[in-house]
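K.L.:
These are the residues of each chain, in order.
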Amino acid sequence: MSEYILEMQDIVKEFFGVKALDGVTLKVKKAEVHALCGENGAGKSTLMKILSGEHPSGSFSGKIIFEGKELNQTGIKDSEKAGIAIIHQELALIKQLSIAENIFLGNEIGKHGLVSFSEQLNRTNELLSRVKLNINPLTRAGDLGIGHQQLVEIAKALSKDAKLLILDEPSASLSEGEVEVLMGILEDLRKDGVTCIYISHKLNEVTRICDNVTVIRDGSTIGQVPIKEIDQDRLVQMMVGREMKNLFPREEHKIGEEFFEVKNLNVRDPFNSNLLRVKNASFTLRRGEILGISGLVGSGRTEMVASIYGSFQGERNGEIYFEGEKVNIKNPDDALSKGIAMVPEDRKKDGIIAGMSVAKNMTISNLLKYKKALDVIDSDREMMDVLKYIDEIKIKTASTELAIKNLSGGNQQKVILAKNLLAEPKILILDEPTRGIDVGAKFEIYKLIFKLAKQGISIIMVSSELPEVLGISDRVLVMNEGEIKASLDNNGLTQEMIMAYSVGKKNEENDAIDNEEIITSVGGV
Amino acid sequence: MQLSKSVSSEKERKLGLSSIFKSKIATILIATVAIWVLFTVLTGGNFLTTRNLSNLFRQMSITGILAIGMVFVIILGEIDLSVGSTLGLLGGIAAILNVWFGFSAIPTMVITLILGIIIGAWNGYWIAFRNVPSFIVTLASMLVFRGILIGITGGNTVAPLTADFKTVGQAYLPTVFGYVLVVLAVVGSAYLILGNRKNKIKYNIEVKSMAFDVSIIAAIGILSLGLVVILNDYQGFPIPAFIMLVIALILSFVGTKTIFGRRVYGIGGNRDAARLSGINVKKHILVVYSMVGLLAAVAGILLTARLNAGSVAAGQNAELDAIASCVIGGASLAGGTGSVVGALVGALVMASVDNGMSMMNTPTFWQYIVKGLILLIAVWIDISSKNKK
Numbered sequence: 001m002s003e004y005i006l007e008m009q010d011i012v013k014e015f016f017g018v019k020a021l022d023g024v025t026l027k028v029k030k031a032e033v034h035a036l037c038g039e040n041g042a043g044k045s046t047l048m049k050i051l052s053g054e055h056p057s058g059s060f061s062g063k064i065i066f067e068g069k070e071l072n073q074t075g076i077k078d079s080e081k082a083g084i085a086i087i088h089q090e091l092a093l094i095k096q097l098s099i100a101e102n103i104f105l106g107n108e109i110g111k112h113g114l115v116s117f118s119e120q121l122n123r124t125n126e127l128l129s130r131v132k133l134n135i136n137p138l139t140r141a142g143d144l145g146i147g148h149q150q151l152v153e154i155a156k157a158l159s160k161d162a163k164l165l166i167l168d169e170p171s172a173s174l175s176e177g178e179v180e181v182l183m184g185i186l187e188d189l190r191k192d193g194v195t196c197i198y199i200s201h202k203l204n205e206v207t208r209i210c211d212n213v214t215v216i217r218d219g220s221t222i223g224q225v226p227i228k229e230i231d232q233d234r235l236v237q238m239m240v241g242r243e244m245k246n247l248f249p250r251e252e253h254k255i256g257e258e259f260f261e262v263k264n265l266n267v268r269d270p271f272n273s274n275l276l277r278v279k280n281a282s283f284t285l286r287r288g289e290i291l292g293i294s295g296l297v298g299s300g301r302t303e304m305v306a307s308i309y310g311s312f313q314g315e316r317n318g319e320i321y322f323e324g325e326k327v328n329i330k331n332p333d334d335a336l337s338k339g340i341a342m343v344p345e346d347r348k349k350d351g352i353i354a355g356m357s358v359a360k361n362m363t364i365s366n367l368l369k370y371k372k373a374l375d376v377i378d379s380d381r382e383m384m385d386v387l388k389y390i391d392e393i394k395i396k397t398a399s400t401e402l403a404i405k406n407l408s409g410g411n412q413q414k415v416i417l418a419k420n421l422l423a424e425p426k427i428l429i430l431d432e433p434t435r436g437i438d439v440g441a442k443f444e445i446y447k448l449i450f451k452l453a454k455q456g457i458s459i460i461m462v463s464s465e466l467p468e469v470l471g472i473s474d475r476v477l478v479m480n481e482g483e484i485k486a487s488l489d490n491n492g493l494t495q496e497m498i499m500a501y502s503v504g505k506k507n508e509e510n511d512a513i514d515n516e517e518i519i520t521s522v523g524g525v
Numbered sequence: 001m002q003l004s005k006s007v008s009s010e011k012e013r014k015l016g017l018s019s020i021f022k023s024k025i026a027t028i029l030i031a032t033v034a035i036w037v038l039f040t041v042l043t044g045g046n047f048l049t050t051r052n053l054s055n056l057f058r059q060m061s062i063t064g065i066l067a068i069g070m071v072f073v074i075i076l077g078e079i080d081l082s083v084g085s086t087l088g089l090l091g092g093i094a095a096i097l098n099v100w101f102g103f104s105a106i107p108t109m110v111i112t113l114i115l116g117i118i119i120g121a122w123n124g125y126w127i128a129f130r131n132v133p134s135f136i137v138t139l140a141s142m143l144v145f146r147g148i149l150i151g152i153t154g155g156n157t158v159a160p161l162t163a164d165f166k167t168v169g170q171a172y173l174p175t176v177f178g179y180v181l182v183v184l185a186v187v188g189s190a191y192l193i194l195g196n197r198k199n200k201i202k203y204n205i206e207v208k209s210m211a212f213d214v215s216i217i218a219a220i221g222i223l224s225l226g227l228v229v230i231l232n233d234y235q236g237f238p239i240p241a242f243i244m245l246v247i248a249l250i251l252s253f254v255g256t257k258t259i260f261g262r263r264v265y266g267i268g269g270n271r272d273a274a275r276l277s278g279i280n281v282k283k284h285i286l287v288v289y290s291m292v293g294l295l296a297a298v299a300g301i302l303l304t305a306r307l308n309a310g311s312v313a314a315g316q317n318a319e320l321d322a323i324a325s326c327v328i329g330g331a332s333l334a335g336g337t338g339s340v341v342g343a344l345v346g347a348l349v350m351a352s353v354d355n356g357m358s359m360m361n362t363p364t365f366w367q368y369i370v371k372g373l374i375l376l377i378a379v380w381i382d383i384s385s386k387n388k389k
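In order, the protein sequences belong to chains L and R.
Residue numbers for the first sequence follow the numbering used here, beginning at 1 and rising by one.
Residue numbers for the second sequence follow the numbering used here, beginning at 1 and rising by one.
Wrong hints could be hidden among the right ones.
[Stated by the list, open to error] EDC-like, lysine to aspartate or glutamate: derived pairs with alpha carbons at most 20 Å apart: (1) L:K349 / R:D272; (2) L:K69 / L:E7; (3) L:K254 / L:E323; (4) L:K396 / R:E206; (5) R:K257 / L:E401; (6) L:K160 / L:D218; (7) L:K30 / L:E70; (8) R:K202 / L:D380; (9) L:K454 / L:E251; (10) R:K208 / L:D380; (11) R:K282 / L:E315; (12) L:K371 / L:D385; (13) L:K447 / L:D474; (14) L:K330 / R:D272; (15) L:K254 / L:D474; (16) R:K200 / L:E229; (17) R:K282 / L:D375; (18) L:K396 / L:E229; (19) R:K282 / L:D334; (20) R:K200 / R:D213; (21) R:K198 / L:D380; (22) L:K388 / R:E206; (23) L:K454 / L:D380; (24) L:K27 / L:D333; (25) L:K163 / L:E32; (26) L:K228 / L:E205; (27) R:K283 / L:D333; (28) R:K198 / L:D334; (29) R:K200 / L:E180; (30) L:K69 / L:D161; (31) L:K348 / R:D272; (32) L:K132 / L:E180; (33) L:K95 / R:D272; (34) R:K198 / L:E251; (35) R:K257 / L:D375; (36) R:K208 / L:D378; (37) R:K257 / L:D380; (38) R:K257 / L:D378; (39) R:K283 / L:D334; (40) R:K202 / L:D385.
Just so you know, these hints were derived from the structure itself, not from any lab.
Work out the full structure: start from the sequences and follow the hints.
P.N.:
Take a look at the structure:
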């Protein structure tokens, strides 16, 4: 028998006459971690949907051979039976149910139609320890952070005795610490003989954990190489088809005077008013400055910027000064009229209106700009703006009237960026602007950020990716447990220094990280 | 860059044309024609007499007006179960003012319309500012308003109305007026379509061929002329149908061309995203429900005038007909999609079934069964065609 557990041969898949996959070949060895890389829209997700049975046999051409047998699946159940489990980018846990109930949903343990809860709890505890999650299995899934939900999803896949586990960008919403845990889990799985297909845009993870990598571009396989024989630059080059020398196109820009100040901002949790999400946060912002906000997931970064934008539901107190005046921003409308715009963290939930066209999504927050008599929209001027931005920031769409949900993540994000630029902001808040989007689109968004800064627009960028924070920011705020722990000029700053503040190690001297110096250098903060 | 631009505009044109042929509304119009042919055959041609068609449009106007309001609620992603009771209550109040208190037609109608807005705002207030689900708020209103109606009328029918009041529901526009309407329709559509074309050329935006635009104007002219000739052949344009048409024109315009309309679609498509885009969601909910109340008042006045009486049973189940009309016309209860034109076509389907089956003297119970099945099948066809994509 062949050394491969999985062989996908010459897969061709069409949507509306457009070839999403055009002869893709993927070969995965048993018990390896196999990386699948490619820009968004390259066809990775489509390929995985075919493998997981979401696109059943017959809807595509080509052969899938799994464990020596040709796979012929009519749906997801068939693939699961064969031992293939997928963990989607969008988590699919039911918030109201407990961890244990979620894990065994559809595969309940029990007899005669009755569920044996004690048995399920025992099994859940075992599975949770395998994913290094020390949590009561009766916790409601909705009470878990996104990172923990991801780990529960993995536990769920393990519960099905999967032989092949597909992880679709599992680390997109994980903090650095959680990524470490994930890496450990993947190591263990490899030892247990479980094969993993790992889809990620984070190349340092790919080069670190994976054995082989297959790169797909524009629906075709570009190549399959052992990780040892390739470096990140070469990988990026294969993905985008051109050489990309510097991932962060840093440009000099003039930083002006301080014009925005947040003083003693406190933000409460919307559902638990005893819980402070942001504690006594104060900072200032200069014109044309790019201010990075770093911190682990749950450190209060999103809550802080969303409160400034007026969109956070929790109670808030503190003072905000804008161009010398004290302002009271009660809702996003107030913020937009002051010139503060925000690209939200969760693109799907808070950003796009999925069924609406690209054009309408882009102009939805700025319709007043096109107002004619009788509240009528001047559709020609609207269309001119839309075409201008499609051209300017290179949004790839078949038509302005296409529903935005048909675009790739990167292009959706560009539409949302265009929407916020139409507001002609003085401050643009970007909450995880490059989450889950491909290298090429990332690069263009970075270029745009510098271009805006050059125009004198101030950027506040929340990001979980430290290289991004270091590559883009002029100054970095580090948050931990709702507090701003440090304000650091991006001058000789390193990932380790930021991480030290993120994990709240400020006062521990016995740690491996040499942070004594940093504390003295920013002592006043 | 130039290349990709021209490619995308060509795609757009194809998309535009095919979407006209593939649109849900076209499908339903074809279904309506089929229903008409069926009834014509079954009634030995009586269905297609000008007298009956005139009746059909008059009957349709009540459901049509309610459906026009309802479609905005559905686009918002909400529901209104109270419009039937609201219609009944306001029709009853109008009758009481006119018959018991001797108010003449105009003041009666003005008061009724204002009460309609207040009632609609009441629903909207609870939904938008007190966060009670619309299903619950309007279910409560449905019971409360029906109860109030029975209470204030003492369960009695309030009749007869003054002559000027009856006119609104029973009279016809003079035949000349019908032809004036045709001219207005042609001139108006030509002005809008050609003006739009001129602007597009000015801004260098792709336009369809001149022949296409002209043939659309011609089609509008022929259809409206045909309609007016048929109606004039009997007694003229029924006033309720005329009022429905005017409301449909205005609100179709509001839905597709105005900032308000665009925002309603946005809120229905994704409420969180709309809120983060600076849209005042609560205000829009309040306005839409107030508008629905106003339209229910119009429908109430028309029904009372047509029946020449205020009755405690008026408008019972009307909300269900209105919701069904919207859904048959392509609106999704998930919000974000739907159109006034679709709702109107849906109302035409419902009214045609009612009318045709009563002409055939089919027992009422069959009307319920047939209408229910049409609703089910229409939505099934819609969903299965979406899944195929």
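K.L.:
With reference to the structure, classify each hint as holding or not holding.
P.N.:
Against the structure, the hints:
At roughly 7 Å between alpha-carbon atoms, K349 (chain L) and D272 (chain R) fall within 20 Å of each other, so this suggested pair holds. Distance check on the hinted pair: K69 (chain L) and E7 (chain L) sit about 10 Å apart at the alpha-carbon level, within 20 Å; holds. A threshold of 20 Å between alpha carbons decides the hint, and for K254 (chain L) with E323 (chain L) the separation of about 18 Å falls inside it, so the pair holds. Taken as a hint, the K396 (chain L) and E206 (chain R) pair is honoured in the structure, with Cα atoms around 19 Å apart against an allowance of 20 Å.
Note on K257 (chain R) and E401 (chain L): the hinted pairing holds, with a Cα-Cα distance of about 15 Å set against a maximum of 20 Å. Proximity of K160 (chain L) to D218 (chain L) is assessed by CA-CA distance (about 33 Å); at most 20 Å being required, the pair is judged violated. For the proposed pair K30 (chain L) and E70 (chain L), the alpha carbon gap of about 16 Å is at most 20 Å, so the pair holds. Restraint check: the Cα-Cα separation between K202 (chain R) and D380 (chain L) comes to about 9 Å, which is no more than 20 Å; the hinted pair holds.
Annotation: proposed proximity of K454 (chain L) to E251 (chain L) holds, straight-line Cα distance about 8 Å (limit 20 Å). The hinted pair formed by K208 (chain R) and D380 (chain L) meets the criterion: a straight-line CA distance of about 15 Å does not exceed 20 Å. Taken as a hint, the K282 (chain R) and E315 (chain L) pair is honoured in the structure, with Cα atoms around 19 Å apart against an allowance of 20 Å. For a cut-off of 20 Å, the pair hint linking K371 (chain L) to D385 (chain L) stands: about 14 Å separates their Cα positions.
Taking the CA atoms of K447 (chain L) and D474 (chain L), the gap is near 15 Å; set against the 20 Å cutoff, the hint holds. For a cut-off of 20 Å, the pair hint linking K330 (chain L) to D272 (chain R) stands: about 16 Å separates their Cα positions. A hinted pair counts as satisfied when its Cα atoms are at most 20 Å apart, and K254 (chain L) with D474 (chain L) qualifies at roughly 11 Å. Distance restraint check for K200 (chain R) and E229 (chain L): the Cα-Cα separation of roughly 56 Å exceeds the 20 Å cut-off, and the hinted pair is therefore not satisfied.
Distance hint between K282 (chain R) and D375 (chain L) is fulfilled; the C-alpha atoms sit about 19 Å from each other, no more than 20 Å. Between K396 (chain L) and E229 (chain L) the CA atoms are separated by roughly 33 Å; this puts the pair beyond 20 Å, and the hint is violated. Taking the CA atoms of K282 (chain R) and D334 (chain L), the gap is about 15 Å. The hint holds against a cut of 20 Å. With a C-alpha separation of about 13 Å, the suggested pair K200 (chain R) and D213 (chain R) falls inside the 20 Å cut-off, and the hint holds.
Annotation: proposed proximity of K198 (chain R) to D380 (chain L) holds, straight-line Cα distance about 11 Å (limit 20 Å). In summary, the hint linking K388 (chain L) to E206 (chain R) is supported, as the alpha carbons are separated by about 15 Å, within the 20 Å threshold. Note on K454 (chain L) and D380 (chain L): the hinted pairing is violated, with a Cα-Cα distance of about 30 Å set against a maximum of 20 Å. Of the pairs offered as hints, the one joining K27 (chain L) and D333 (chain L) is violated, with about 52 Å between alpha carbons and a cut-off of 20 Å exceeded.
Distance check on the hinted pair: K163 (chain L) and E32 (chain L) sit about 11 Å apart at the alpha-carbon level, within 20 Å; holds. Among the hinted pairs, K228 (chain L) with E205 (chain L) is consistent with the structure: their alpha-carbon atoms are about 13 Å apart, no more than 20 Å. For the given pair, K283 (chain R) sits about 13 Å from D333 (chain L) by alpha-carbon distance, which is consistent with the 20 Å threshold. Under the criterion of a C-alpha separation no larger than 20 Å, the hint pairing K198 (chain R) with D334 (chain L) is inconsistent with the structure, at around 37 Å.
Taking the CA atoms of K200 (chain R) and E180 (chain L), the gap is near 56 Å; set against the 20 Å cutoff, the hint is violated. About 19 Å separates the Cα atoms of K69 (chain L) and D161 (chain L), which keeps this hinted pair within 20 Å; it holds. Distance hint between K348 (chain L) and D272 (chain R) is fulfilled; the C-alpha atoms sit about 10 Å from each other, no more than 20 Å. With a C-alpha separation of about 11 Å, the suggested pairing of K132 (chain L) with E180 (chain L) holds against the 20 Å cut-off.
Only pairs whose Cα atoms come within 20 Å are accepted, and K95 (chain L) paired with D272 (chain R) is accepted, the gap being roughly 18 Å. With a C-alpha separation of about 43 Å, the suggested pairing of K198 (chain R) with E251 (chain L) is violated against the 20 Å cut-off. Proposed proximity of K257 (chain R) and D375 (chain L) is supported: the alpha carbons are some 8 Å apart, at most 20 Å. The suggested pairing of K208 (chain R) with D378 (chain L) holds, with an alpha-carbon distance near 19 Å, which does not exceed 20 Å.
Note on K257 (chain R) and D380 (chain L): the hinted pairing holds, with a Cα-Cα distance of about 12 Å set against a maximum of 20 Å. At roughly 8 Å between alpha-carbon atoms, K257 (chain R) and D378 (chain L) fall within 20 Å of each other, so this suggested pair holds. Between K283 (chain R) and D334 (chain L) the CA atoms are separated by roughly 15 Å; this keeps the pair inside 20 Å, and the hint holds. Distance hint between K202 (chain R) and D385 (chain L) is fulfilled; the C-alpha atoms sit about 15 Å from each other, no more than 20 Å.
Checked against the numbered hints given earlier, this structure breaks hints 6, 16, 18, 23, 24, 28, 29 and 34; the rest are met.
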